[in-house]
Structure formats: C-alpha cells, structure tokens
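Visitor: Sequence:
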Amino acid sequence: MTTKPLVPWWRWAIWWSLLGLSLLVFYVLLTPIWLGLRGLAWLAEFRSRRRRDL
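Numbering-wise, the sequence shown is residues 1 to 54 according to our numbering.
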C-alpha cells in the first residue's frame, strides 16, 4: 500500500478562497434578503388579519 501524495498548496488556496467566498455570499447577502422577505410576509399577514377583523 502506498501513501497518497500531498495536496498542492494552490489547491488548498483555491479551496479556502471558494469556501470564504461562499460563506460571505450566504451570510452577508442571502441571509438579509431572506430575513427581509420573511419580514414582508409577516407584515402582509398582519395587515391582512387586521383588515379582516374590522
């Protein structure tokens, strides 16, 4: 049984760069958009219930 060769440094650099970029996109861009959409849906439901009760 032979040992596996080491992973080249440039592959590690690409891996960590892509991982960092994907975390940035998810947490910085997509999370606020999702929270904003949920807030708008909550507000629409609240206004709909308030209008129905009147």
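It is worth saying that the hints were derived from the structure and are not from the lab.
A few of these clues could be false.
[Claimed, not checked] Have a look at the derived ranges for each label pair, beta carbon to beta carbon: (1) P5 - A41: 44 to 54 Å; (2) W9 - W42: 40 to 50 Å; (3) W9 - L35: 50 to 60 Å; (4) A13 - A44: 25 to 35 Å; (5) R50 - L29: 51 to 61 Å; (6) L18 - L43: 28 to 38 Å; (7) Y27 - R50: 31 to 41 Å; (8) A41 - L6: 44 to 54 Å; (9) L23 - R47: 50 to 60 Å; (10) R47 - W16: 21 to 31 Å; (11) R11 - R50: 49 to 59 Å; (12) I14 - L40: 53 to 63 Å; (13) T3 - L43: 52 to 62 Å.
[Said to hold, decoys possible] Below are the SDA-like pairs computed for lysine to any residue, each with C-alpha atoms no more than 25 Å apart in a straight line: (14) K4 - W15; (15) K4 - W16; (16) K4 - I14.
Because the structure is a prediction, the values reported are computed rather than measured.
Ideal placement from N, C-alpha and C gives every residue a C-beta, glycine not left out.
Visitor: Hint by hint, say whether it matches the structure.
Guide: How the hints compare with the structure:
Remark: the range hint 44 to 54 Å for P5 to A41 is upheld by a beta-carbon distance near 52 Å. Roughly 48 Å separates the CB atoms of W9 and W42, a value that falls within the hinted 40 to 50 Å. Hint check: W9 to L35, Cβ distance near 38 Å, so the stated range 50 to 60 Å is violated. Separation of A13 from A44 is about 46 Å and departs from the stated range, judged on CB atoms against 25 to 35 Å.
Taking 51 to 61 Å as the suggested C-beta distance range, the pair R50 and L29 does not conform, at roughly 32 Å. Checked against the given bound of 28 to 38 Å, the beta carbons of L18 and L43, roughly 36 Å apart, stay inside it. The given range of 31 to 41 Å is respected by Y27 and R50, whose C-beta atoms sit roughly 34 Å from each other. Restraint check, A41 to L6: a C-beta distance of roughly 50 Å satisfies the suggested window 44 to 54 Å.
The given range of 50 to 60 Å is broken by L23 and R47, whose C-beta atoms sit roughly 35 Å from each other. Between R47 and W16 the CB atoms are about 46 Å apart, so this pair departs from the stated range of 21 to 31 Å. At about 57 Å, the beta-carbon gap between R11 and R50 stays in the expected band of 49 to 59 Å. As the Cβ distance of I14 to L40 is approximately 38 Å, the hint placing it in 53 to 63 Å is violated.
As the Cβ distance of T3 to L43 is approximately 60 Å, the hint placing it in 52 to 62 Å holds. Proposed proximity of K4 and W15 is supported: the alpha carbons are some 19 Å apart, at most 25 Å. A threshold of 25 Å between alpha carbons decides the hint, and for K4 with W16 the separation of about 21 Å falls inside it, so the pair holds. Under the criterion of a C-alpha separation no larger than 25 Å, the hint pairing K4 with I14 is consistent with the structure, at around 20 Å.
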